[in-house]
Amino acid sequence: MTPVPYFDVLKGLGAEVILTLTALVALTLDLASVRRAEMSVRSRTIGTTAVVGLLASTLPLWQQLNGPRMVLLGGTLAMDDLIIFFKLVIVALAVITVLISMDFDVGRHVGEYYAVLLFGAVGMMLLISAEELITIFVALELTSVSLYILTAFHKGELRSQEAAVKYFMFGAISSAFLLFGLSYVFGVTGATGLQAIQDAVKNTGGLAMSPLLATGLLFTIVGFGFKVAVVPFHLWAPDAYEGAPTPVTAYIATGSKVASFFILLKVLFIGFAGLQGSAFWGNFASGWTMLLAVTATLSMILGNCAAIVQHNVKRLLAYSSIAQAGYIFIGLVAATKMGANSVLFYIIVYALANLGAFGVVAALSSRAGGDEMQNFDGMARRAPFLSLLMLIFVLSLAGIPPLGGFFGKFYLFASAVQRDAQHFGLLWLVILGIVMSAVSLYYYLILLKHIYVIDGSDQSPIITPTYLNVALGLVALAVVALGVYPKPILELLNNFSYSVIAGLVR
Amino acid sequence: MTSAITLNDYLIVSGLLFALGIAGVIIRRNALVIYMALEMNLNAANLALIAFSKFNKLVEGQILVFFVIAIAAAEVAVGLAIIVALYRRKQTISVDQLTTMRL
Numbered sequence: 000m001t002p003v004p005y006f007d008v009l010k011g012l013g014a015e016v017i018l019t020l021t022a023l024v025a026l027t028l029d030l031a032s033v034r035r036a037e038m039s040v041r042s043r044t045i046g047t048t049a050v051v052g053l054l055a056s057t058l059p060l061w062q063q064l065n066g067p068r069m070v071l072l073g074g075t076l077a078m079d080d081l082i083i084f085f086k087l088v089i090v091a092l093a094v095i096t097v098l099i100s101m102d103f104d105v106g107r108h109v110g111e112y113y114a115v116l117l118f119g120a121v122g123m124m125l126l127i128s129a130e131e132l133i134t135i136f137v138a139l140e141l142t143s144v145s146l147y148i149l150t151a152f153h154k155g156e157l158r159s160q161e162a163a164v165k166y167f168m169f170g171a172i173s174s175a176f177l178l179f180g181l182s183y184v185f186g187v188t189g190a191t192g193l194q195a196i197q198d199a200v201k202n203t204g205g206l207a208m209s210p211l212l213a214t215g216l217l218f219t220i221v222g223f224g225f226k227v228a229v230v231p232f233h234l235w236a237p238d239a240y241e242g243a244p245t246p247v248t249a250y251i252a253t254g255s256k257v258a259s260f261f262i263l264l265k266v267l268f269i270g271f272a273g274l275q276g277s278a279f280w281g282n283f284a285s286g287w288t289m290l291l292a293v294t295a296t297l298s299m300i301l302g303n304c305a306a307i308v309q310h311n312v313k314r315l316l317a318y319s320s321i322a323q324a325g326y327i328f329i330g331l332v333a334a335t336k337m338g339a340n341s342v343l344f345y346i347i348v349y350a351l352a353n354l355g356a357f358g359v360v361a362a363l364s365s366r367a368g369g370d371e372m373q374n375f376d377g378m379a380r381r382a383p384f385l386s387l388l389m390l391i392f393v394l395s396l397a398g399i400p401p402l403g404g405f406f407g408k409f410y411l412f413a414s415a416v417q418r419d420a421q422h423f424g425l426l427w428l429v430i431l432g433i434v435m436s437a438v439s440l441y442y443y444l445i446l447l448k449h450i451y452v453i454d455g456s457d458q459s460p461i462i463t464p465t466y467l468n469v470a471l472g473l474v475a476l477a478v479v480a481l482g483v484y485p486k487p488i489l490e491l492l493n494n495f496s497y498s499v500i501a502g503l504v505r
Numbered sequence: 000m001t002s003a004i005t006l007n008d009y010l011i012v013s014g015l016l017f018a019l020g021i022a023g024v025i026i027r028r029n030a031l032v033i034y035m036a037l038e039m040n041l042n043a044a045n046l047a048l049i050a051f052s053k054f055n056k057l058v059e060g061q062i063l064v065f066f067v068i069a070i071a072a073a074e075v076a077v078g079l080a081i082i083v084a085l086y087r088r089k090q091t092i093s094v095d096q097l098t099t100m101r102l
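Chains as they are written, first to last, in numbering that gives the first Met the number 0: chain A, 0 to 505; chain B, 0 to 102.
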């Protein structure tokens with residue numbers, strides 16, 4: 000028994016350690032020094048502390064960049080360039096979320112709010128580097144429990160409490176499904192590491208030979224399906240998104256989605272690499288691509304159609320993100336290196352655009368008196384800059400060139416067409432995706448019509464703090480840049496994703 | 000005469016527990032009772048994990064169970080707090096009444 004190299008572990012997890020310490024500092028600072036101060040001062044002070052901590056946590060990450068692939072604690076946590084890159088994405092999302100929160104009324108418990116937000120970021124970062132079932136489950140729970148607390152943070156508002164109860168119930172049941180599935184996977188393969196599971200799966204003779212493994216796979220996908228909110232496991236999402244304080248909604252819709260999709264990609268592409276089956280038209284075979292193709296179909300249809308009838312902007316964005324999860328699943332169904340790349344690219348674009356959209360909604364709705372569509376009437380006159388940003392984010396979500404969303408969707412669909420290109424096996428999914436994108440344009444344009452065309456009764460200009468304008472402006476710039484010039488990121492992903500797709504048959 | 004308990008027996012019990020838990024979640028209307036049913040689901044998974052660990056002579060499953068017990072305790076703390084906060088606002092914890100947000 001070799002002793003555990005604790006020092007190496009601390010060094011490898013430097014970013015997480017710094018974030019945890021920052022969270023504790025934020026709690027102490029709020030309790031010890033600024034509790035009596037005015038609310039805006041408290042929020043600014045603690046928020047700035049959180050931002051400084053988040054930026055400091057990138058230092059160890061930069062240091063590890065371009066290093067060799069490293070595993071900690073017997074393969075439970077891994078470190079390579081792809082993982083570090085996505086940890087940086089999580090930090091960026093958390094920084095913007097903190098900036099949005101500083102401008103938002105989060106209630107009396109300011110220190111606790113930012114501390115829990117940082118704990119959530121730690122959970123997401125651990126989730127991204129986890130490569131073993133126990134670690135995956137623990138990190139997923141750390142993320143989820145933090146988000147349940149944040150959802151309930153609007154103590155005065157009934158919507159927030161209801162949303163928290165629903166989110167918590169659905170989250171807990173998804174954890175139960177996931178754990179039950181993982182227990183069967185562990186039982187059949189006798190392993191908890193993803194790589195070891197892949198090796199063991201090859202010896203079991205596949206799903207047909209082992210009903211236990213098939214059940215495990217099904218339950219695992221159901222568990223993750225709840226976390227990423229795809230139909231038919233989406234019921235919590237609209238309520239949780241609408242009821243939660245808007246910065247928290249932004250965090251749930253982006254940070255936790257990025258981390259969940261990343262780990263789902265790893266579990267499917269590494270752990271279950273031998274079990275993909277086939278979703279080709281006329282040639283279906285049981286396996287996870289089949290399941291994913293079905294949920295993708297349902298998500299795209301139901302998400303887009305339900306979004307059309309919404310009157311609340313947050314709820315509309317919730318249904319749109321259910322539909323977006325459906326598009327992302329197309330890349331997973333392709334189950335190739337290109338599919339993995341397109342998924343990774345799209346979750347970045349999706350997260351940035353959604354974060355920006357919710358950020359604008361947070362900034363404007365708190366000043367316009369609500370987050371219904373009518374509250375945004377004539378917003379282009381009242382807040383021209385943020386309205387312009389909203390235009391960029393929403394059009395990117397709809398997939399209009401030259402924005403990031405267009406290229407991301409194109410890449411996703413292209414990866415599915417290239418798979419089984421002779422027989423156009425996945426073309427049915429792509430055609431459905433394109434048709435549903437056209438449907439989605441309708442409700443995105445309705446939102447823009449409220450902002451740009453309809454005149455509101457209130458004409459007074461809305462002034463938002465400069466730091467928020469700059470932060471959201473940078474997000475919009477990134478969305479545009481990813482669409483106009485995606486090459487650097489694509490090359491980056493192409494070089495990195497070897498570790499994820501190693502187990503797949505190309 | 001000695002009929003040892005096999006892995007399958009454990010798995011059947013764990014499957015039944017899980018099914019009971021899901022049935023409880025679907026049928027009951029009280030948030031607290033639903034939450035108890037959810038705990039039963041977690042324990043069904045725990046039982047399966049321990050059984051697999053014992054019969055495969057592996058320790059990882061039992062380690063995971065320890066983590067699950069700790070996590071379940073943390074979830075209880077958060078979950079009960081959320082339910083209490085809801086009760087303060089609404090004076091009921093029946094999930095049928097959670098209808099502020101629709102469609």
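Check each hint, because a few of them may be wrong.
As the list claims (entries may be wrong) - For lysine-lysine, the following DSBU-like pairs were computed, each having C-alpha atoms within a straight-line distance of at most 30 Å:
{"#": "1", "chain 1": "A", "residue 1": "Lys336", "chain 2": "A", "residue 2": "Lys486"}
{"#": "2", "chain 1": "A", "residue 1": "Lys154", "chain 2": "B", "residue 2": "Lys89"}
{"#": "3", "chain 1": "B", "residue 1": "Lys53", "chain 2": "A", "residue 2": "Lys201"}
{"#": "4", "chain 1": "A", "residue 1": "Lys201", "chain 2": "A", "residue 2": "Lys336"}
{"#": "5", "chain 1": "B", "residue 1": "Lys89", "chain 2": "A", "residue 2": "Lys201"}
To be verified - Label pairs and their calculated CB-CB ranges:
{"#": "6", "chain 1": "B", "residue 1": "Ala73", "chain 2": "A", "residue 2": "Leu64", "range": "45 to 51 Å"}
{"#": "7", "chain 1": "A", "residue 1": "Trp61", "chain 2": "B", "residue 2": "Ala76", "range": "24 to 30 Å"}
{"#": "8", "chain 1": "B", "residue 1": "Val32", "chain 2": "A", "residue 2": "Lys201", "range": "42 to 48 Å"}
{"#": "9", "chain 1": "A", "residue 1": "Pro464", "chain 2": "B", "residue 2": "Arg27", "range": "35 to 41 Å"}
{"#": "10", "chain 1": "A", "residue 1": "His108", "chain 2": "B", "residue 2": "Leu6", "range": "30 to 36 Å"}
{"#": "11", "chain 1": "A", "residue 1": "Gly73", "chain 2": "B", "residue 2": "Ile25", "range": "23 to 29 Å"}
{"#": "12", "chain 1": "A", "residue 1": "His422", "chain 2": "B", "residue 2": "Ala3", "range": "51 to 57 Å"}
{"#": "13", "chain 1": "A", "residue 1": "Ile453", "chain 2": "B", "residue 2": "Ile25", "range": "42 to 48 Å"}
{"#": "14", "chain 1": "B", "residue 1": "Arg27", "chain 2": "A", "residue 2": "Arg107", "range": "47 to 53 Å"}
Derived from the structure by calculation, the hints contain no laboratory data. We put the CB at the ideal spot given by N, CA and C, even for glycine.
Results of checking the hints against the structure:
Of the pairs offered as hints, the one joining lysine 336 of chain A and lysine 486 of chain A holds, with about 17 Å between alpha carbons and a cut-off of 30 Å not exceeded. With a CA separation close to 12 Å, the supplied pair lysine 154 of chain A and lysine 89 of chain B stays within the 30 Å bound. Restraint check for lysine 53 of chain B and lysine 201 of chain A: satisfied, since their Cα atoms lie roughly 23 Å apart, inside the 30 Å limit. For the hint linking lysine 201 of chain A to lysine 336 of chain A, the alpha-carbon distance of about 20 Å falls within 30 Å, and the restraint holds.
Restraint check for lysine 89 of chain B and lysine 201 of chain A: the C-alpha separation of about 53 Å exceeds 30 Å, so the hint is violated. For the hinted restraint 45 to 51 Å between alanine 73 of chain B and leucine 64 of chain A, the CB-CB distance of approximately 33 Å leaves it violated. As the Cβ distance of tryptophan 61 of chain A to alanine 76 of chain B is approximately 36 Å, the hint placing it in 24 to 30 Å is violated. Separated by about 44 Å at the C-beta atoms, valine 32 of chain B and lysine 201 of chain A satisfy the suggested range of 42 to 48 Å.
At roughly 47 Å, the beta carbons of proline 464 of chain A and arginine 27 of chain B sit outside the given window of 35 to 41 Å. A C-beta distance of roughly 48 Å is found between histidine 108 of chain A and leucine 6 of chain B, which places it outside the suggested range of 30 to 36 Å. For the hinted restraint 23 to 29 Å between glycine 73 of chain A and isoleucine 25 of chain B, the CB-CB distance of approximately 40 Å leaves it violated. A beta carbon spacing of about 52 Å between histidine 422 of chain A and alanine 3 of chain B agrees with the range 51 to 57 Å that was offered as a hint.
At about 43 Å, the beta-carbon gap between isoleucine 453 of chain A and isoleucine 25 of chain B stays in the expected band of 42 to 48 Å. Separation of arginine 27 of chain B from arginine 107 of chain A is about 34 Å and departs from the stated range, judged on CB atoms against 47 to 53 Å.
The earlier numbered hints that this structure contradicts are 5, 6, 7, 9, 10, 11 and 14.
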